Amino acid sequence: MSTRVADALYLIPIISFILALRFLSNPAHARRGNQIGAAGMLVAIAVTWIKAGGGSWWALVLAMAIGGGFGAVAARKVRMTAMPQMVALFNGVGGGAAALIALAELHRILPPPGRPTYDVSTAIALSGLIGAISFAGSMVAFAKLQELIGGRPITYPGQNVGNIVLLVGLVVFAIALAAGVQDQWLLWVVVGGGALFGVLFVLPIGGADMPVVISLLNAFTGLAVAIGGFELQNNVLIVAGMLVGASGTLLTLLMGRAMNRSIGNLLFGAFGQVTAEAAAIAAGTDGGTVRSASAEDVAVMLAYAHKVVFVPGYGLAVAQAQHDVRQLADLLEEKGVEVSYAIHPVAGRMPGHMNVLLAEANVPYPQLKEMDEANPEFSRTDVAVVVGANDVVNPDARANRGSPIYGMPILNVDDAQAVVVLKRSMNPGFAGIENPLFYNPKTVMLFGDAKESITKLVADVKSL
Amino acid sequence: MSHSMLLVFEVTILVLAIFLGFEVISKVPTLLHTPLMSGTNAIHGIVVAGAMIVLASGHKGPFIWIIGFLAVVLGSANVVGGFVVTDRMLEMFKKREPPKRDEQ
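Chains X and F supply the protein sequences, listed in that same order.
Sequential numbering of the first sequence, starting at 1, is according to this note's numbering.
Sequential numbering of the second sequence, starting at 1001, is according to this note's numbering.
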């Protein structure tokens, strides 16, 4: 197949990818969009096969069977609660592939008298660097989310300075490579250094900031793939990669806005280091008392309420309590209680994490309210049930200037008549920040594993 | 087409794709942000096409063959895993469940 025919046929996948994203604007036909995207991908692979395949077809089949088999099994087996690390993993391998392509292309072109043109050498340097950062960064994010390494920020003195020096060094090498110092070892340094930077850059970022990191790494991989398209003069790589790059960038900005923090602060701020000042102010809450309640008490509160709002957080995912929450909600609805769910944009470990979990539990999506929609409703809510969320309902974000999360828009659950907080213990949440909500006279705490607590509530509501 | 013309053409496509991406993505509701992430994740699996081109030129040396092979493995894991995960997620988003399913 000539390049021209192949390029024309590549229009099919390009259009199908755009449609796939377009269909995502409505949950009713989002799934069909994804299928259109997958079909487009098949066309892209078929066209590439016919265009380039030829000699080593058995190697292609073998490699695709290994990779595709792993992807299919992993994707089918993974529990919905482990989705963030799965997304990170698949994102990482894509970035890794882009970096490998850069290595192979330079190796193919370089033997004398071969010399890449400047645009190709620039593309090789950039996609090698960005792909490697994305690969290694995603692997660290995966390890953190899978709890292979601690989720808390890992920090050490001189961290930011060290990272910046490393990055500047890598950029210098990349520029040298692009400008014509064409030695393969230079690209190896760029790729290896990029991988090191990826590790060092994600390590200090805490679990609560993972939604931002994952969408940023997603953008990186997209960018690396798009640049890879310049190496291979392949339009479909350029368009598809850049669509992803733009989407990841936009999501990253949205997440940053939802936390009211600049991207720089998120990436280099090593969230979770409580400032001495904030700790001192928070210590003032020691005067308050925490009221704990039994499941029976809470069941009565819920059953006789008019309107109950559930506020899920990462704790819901950890306890895998989404099905039990829906069961409780169903019971309450049978008793005539109006039930909805208030979802904070950064609750959980990836953008939209809570929506997916609740969808898994068959919660109809019109019941899922975004923050802007949910907040005005709290004032006419009888009981707000906070399930495993902490920072996203912390009133300090509104009131305490010293708090590390000051300025972050939160769900105003304290506007409700009563607040029930399901929590394992009084340990401060992920970020180690005190939460005055727990000391609010309106609040009662229901201690214990979220899943067990909800199961008890279901039994108690049933027996009423 | 000369090389520089091709480059200009490619950069044009790149820039248009950026704007198109922003435009399309800004219409996706927060409800679907996770499927959006994993769906775009699957789309950048197109890197497998690049990897295939590299592996297909594997007769030019064992280094290219090995790197190309690895790249195809990673790329296909990206494609298949990305689309399957997204499909599983989107399958779950339903408007109304059939009433009364309390058998648990």
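No lab work stands behind these hints: they were computed from the structure.
Please note that a few of the clues may not be correct.
[As the list claims (entries may be wrong)] Which bits of chain X does chain F cover? Going by a derived footprint, with three or more residues having C-beta under 8 Å, they are:
# : segment
1 : 164 to 174
2 : 343 to 357
3 : 372 to 386
4 : 406 to 419
5 : 439 to 453
[To be verified] To list a few chain X residues with every Cβ distance to chain F over 12 Å, as calculated:
# : residue
6 : LYS51
7 : LEU266
8 : TYR304
9 : SER425
[Said to hold, decoys possible] Derived DSBU-like pairs (lysine-lysine); straight-line CA-CA distance at most 30 Å:
#  : chain 1 : residue 1 : chain 2 : residue 2
10 : F       : LYS1060   : X       : LYS369
11 : X       : LYS307    : F       : LYS1094
12 : F       : LYS1094   : X       : LYS335
13 : X       : LYS335    : X       : LYS442
14 : F       : LYS1094   : F       : LYS1027
All figures in this text were calculated on a predicted structure; none of them were measured in a lab.
Glycine residues also receive a C-beta, built at the ideal position from the N, C-alpha and C atoms.
- Query: Should the label of LEU266 (chain X) as a non-interface residue stand, given a Cβ cut-off of 12 Å to chain F?
  - Reply: holds, 17 Å
- Query: Taking 30 Å as the top limit, are the C-alpha atoms of LYS335 (chain X) and LYS442 (chain X) close enough?
  - Reply: holds, 24 Å
- Message: How does the segment 343 to 357 of chain X fare against chain F when you require at least three residues with a CB closer than 8 Å, holds or violated?
- Response: The restraint on the segment 343 to 357 of chain X holds, since 8 of its residues have a Cβ under 8 Å from chain F and three suffice.
- Hey, LYS1094 (chain F) versus LYS335 (chain X), does the alpha-carbon distance stay inside 30 Å? holds, 23 Å
- Item | chain F versus LYS51 (chain X) - minimum CB to CB distance exceeding 12 Å, so not interface | Since the minimum Cβ distance to chain F is about 8 Å, LYS51 (chain X) lies within 12 Å and the statement is violated.
- Query: Holds or violated: the segment 372 to 386 of chain X covered by chain F, criterion of 3 or more residues with Cβ-Cβ distance under 8 Å?
  - Reply: This one is violated; 0 residues, fewer than the three required, reach chain F with a Cβ under 8 Å.
- Task: Grab the minimum beta-carbon distance between TYR304 (chain X) and chain F and tell me whether it stays above 12 Å.
- Result: The claim holds: TYR304 (chain X) sits with its nearest Cβ about 21 Å from chain F, beyond 12 Å.
- Message: Can you tell me if the segment 439 to 453 of chain X counts as covered by chain F, using C-beta to C-beta distances under 8 Å and a minimum of three residues?
- Response: violated (count 0)
- Verdict on chain F covering the segment 406 to 419 of chain X, criterion of 3 CB contacts below 8 Å: Since three or more residues must qualify, the claim that chain F covers the segment 406 to 419 of chain X is violated, with 0 doing so at under 8 Å.
- Query: Keeping to a limit of 30 Å between CA atoms, is the pair of LYS1060 (chain F) and LYS369 (chain X) held or broken?
  - Reply: violated, 57 Å
- Item | Hinted pair LYS1094 (chain F) and LYS1027 (chain F), Cα distance within 30 Å | holds, 19 Å
- Query: Holds or violated: is the Cβ of SER425 (chain X) farther than 12 Å from all Cβ atoms of chain F?
  - Reply: holds, 28 Å
In this structure, the hints that do not hold are numbers 1, 3, 4, 5, 6 and 10, in rising order.
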